[in-house]
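If you're matching them up, the sequences are chains A and B in order. Residue numbering for the first sequence follows our numbering, starting at 54 and increasing by one per position. Residue numbering for the second sequence follows our numbering, starting at 685 and increasing by one per position.
These are computed hints drawn from the structure, not numbers from a lab. Hints should not be assumed to be uniformly reliable.
[Said to hold, decoys possible] If you want the footprint, here are the derived chain B segments under chain A, 3+ residues with CB under 8 Å:
1) 742–756
2) 773–779
3) 791–797
4) 846–856
5) 956–967
All figures in this text were calculated on a predicted structure; none of them were measured in a lab. Yeah, the Cβ is synthetic: ideal placement off N, Cα and C, and Gly gets one too.
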Amino acid sequence: MATKTKERPLALETEPNSQSGNGTAPLSPEILKRLYSYMLKCRTVEEKARTLFKQGRYSGNYYPAVGQEATTVGTTIDLEEADYIAPSHRDFSSHILKGTPLKFLYAQLYARKTSPDQGRSSPAHCGYAPLNVITPSSTIAAQLNIGTGIAHAYKMQKKPNIVMALSGDGSTSLGFWHEALNFAGVYKLPIVYIVQNNLWAESVSLKQQTAVEDLSIKAQAYGFPGITVDGNDVVAVYRVTREAIHRARTGGGPTLIECKTYRWYGHSMIDPGTYRSPEEIEYWKSKDPIPFMERYLAKHNLWSDSWKEELLQQFNKEIDEAVEFAEKSPYAEPEECLDHVYSFSIRERELNRKIWTSSATTPANK
Amino acid sequence: MALSTYIDAINTALTEEMRRDERVYIIGEDVGVMGGAFKATKGLLEEFGPERVIDSPLAEGIIVSSSIGAAMVGMRPVPEIQFSDFITPAMDALTQQAAKLRYRSAGTQTCPITLRVCYGGGVSGGLYHSQTNTTWFIHEPGLIVLAPSTPYDAKGLLKAAIRDDNPVIYFEHKKLYRSIKEEIPEDDFVVPIGKAIVRREGKDVTAVSYGYTMQLTLQAAEKMQEKGVSVEVIDLRTLSPIDKDSFLESVAETSRLVIVQEDHRTLGIGSEISAIVAEEAFDCLDAPIARVTAPDVPAIPFAAPLEKFYMPSVEKIMSAIERTVGY
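Modelling step: build the complete structure from the supplied sequences, incorporating the hints.
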C-alpha cells in the first residue's frame, strides 16, 4: 500500500500538465511564481521575527523554520478557507499561506491584546479561528489528534473540507501520533499528515528517534499511502501534497507525507544548535530551497532580479506596518487573566470573596 | 412520571438528546454493538446507526481528542471512558487540550464535549475497575466536573452537559447504576450545572458529599435522626466549579461540617471544601471539620475485607458526625 519516492532532485525539471490532483501534473507559471514568492515571504517574515527577538523587542522565545520554506509553502498553499491547518510550534509561517494578517502574527510575538490569543500563549503558538488554524499547545503531536477529530467531523457532516496536519520527526515517536493515524485510517478521514523531517528534535537526532530510514513507511501500519519527498523542492512537495489533498477531498482517505528538510538554526532562539556539525549545516544551506527555485524560474524565463526586489520591498513594507501595529498595541488588562476559562465569567468569584459569619447564637459561639 | 434506575436515566437522556440534536454522537469502546459494558448505550446503535454510535479503536487518547476536534467544528460529541481507571491515556487531551483550548484561544475556539466516565468502588472490581479519580479533573479549571447521585440528576445533568458550551466530564457511579430507582418526569428537563442541592434539611451539622457516598450519607443522616442529631445533607452534584455558597450557607447555620468523599484523602475535594470554610467562614465553626475518605493508598484493593476497609460506609460517616457533634 505504502509507496515511497526517493529524493527527487529532478522533480523541478519534469514538465507540468494539469492541477487535477495528479502528482505528475504540470504547474502553470503563475503557480510556480507564487510558490517562490511565498517562500521568500516566509523567509523574510521569519528572519524579521528572529531579528526582533535578538533586539530584545519581544520576550519569550521563537522557533524558526528557516530553511524549511519549501515544505511549509508546498503543503499549506491554496487550501480552502474552511480547510483546517493543525500546526505545531514551528509552523508559524503556515499562517501566511492561510491568510492570517501579518499584524496579528507579530502582535502574537509581542503578546499583545490584539493578537489571536490576546497574549495568553507564548510567541509562535498561534492559532487563528476566523481562518481555521488550530491554536496549538506545546505538547507535541496533540494538534494531530485534534485535527483528526476535525476531519472526523467533516466526514460526518459530509463537508468537502480537509485537514492539513503538520508535525515534526520527533512527534512520530509519541503514542498520540500513532493513535491519530490509526484512527484516520480506520475511518478513511479527509486529512493529510505532513512530517517535516528536519533530522533533529531539539538536540536528538533522527537516528536516536527511529530505527527506520524513511518515516513515511509508518503509514503502511495504518492502511494508507505514505510517501517521502525532497522537502527542499517546493514543486515536488506541492505536487505530492495536491494529490494527497485531492484524495482526501474526494473520499480516498488520509496520506502521510514525509518531507526531508532541515532547520538552519537551533530548536529555538535560545538554542545555538551546537549539537550539529558545521559541515552538516553548510551542506543543507547549500540546498537552500529559495535560490534553487530562482534558478528553476530563470531556466523557464520566469525570473528577473527586479521582480525579487519588488517582492522584498512589498514584504518589508507589510512587515514594517505589522511590527508597528504590534508595538503600538496595548497589553490586555491584568484582570483579563481571569477571562475565557468557561463560557461564563469567573471574575466575580475570583475577585470578590464574601466572608461568612455564623447566624447561630449558641453560647459556645458567642 | 416513570420509575427509572440510574442507568436507565442515562440511557434515556442520551436517546432524547440524540433525537433532539443531530450533532450529538457517541464514541467509545463497546458502546455500539454491545451497548456498553454496563448497557448504558443499549439500543442506541439500532436507533441511530453506526455513524452516530461509534465503536472506536481501543485508544482512549484519540476517543477524547477526536471528540475535541469534532466539537470545535460544530459537533456535540459524547465520548465514553468505559472505566475511569482507563482515562489516563486521555489525560493530555483532557488537561492540556480540552481544559485549555478556550483559554489559550481567548475564547475563539471551544470544545463542548461531554465525556461520560464510569467510576467508583464497592463492586469487587479490584484495583483497575473501581477507581474514583474525580480529583484529577477538579484541579483543572476549564473543565466542568459532574457527579450525579440520583436517577433524576443523572438524566437532568447529562442533558444539561450535552447542551453546555464547555467541556464536561460526567462521572457516573457503577454501583448506583441498578441499585436505586426513582420516579422521574418523562418530559424534557435539565438540572442546572454549578448548583448543589440540599437533600435533607437539618440544624446540628452539615454533611457534604456526592455520587455514591451521597446515598451513604443520607442513610447515615437517617440513623443519626434516631439518635436525636439533625443532619443537613448537601449533594454537590457539580464538583467543579464548586457551588461554595451551598455549604457556606449551611455551615453558617449548623457550625459543624463533615465531608464524605470516595476518593482518597490527600488533596481531595474535602481538602478544598475544608480550606474554603476555614478561609471564608472561620467564625462559623464550633468544631473541627471532619472528613470521611478512602485512605491514602494507591487504589482500591480487591479482596472483600480490604475493599470494605477502604470504602466510606454508613458507620464511618455516623462516627464522624458523632465526633463532630460531640466536640
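Taking the hints in turn, this is what the structure says about them:
1. 742–756: holds (count 11)
2. 773–779: holds (count 3)
3. 791–797: holds (count 4)
4. 846–856: Our answer is that it holds, as 3 residues pass the Cβ test (under 8 Å) against chain A, meeting three.
5. 956–967: holds (count 4)
Of the numbered hints stated above, none is contradicted by the structure.
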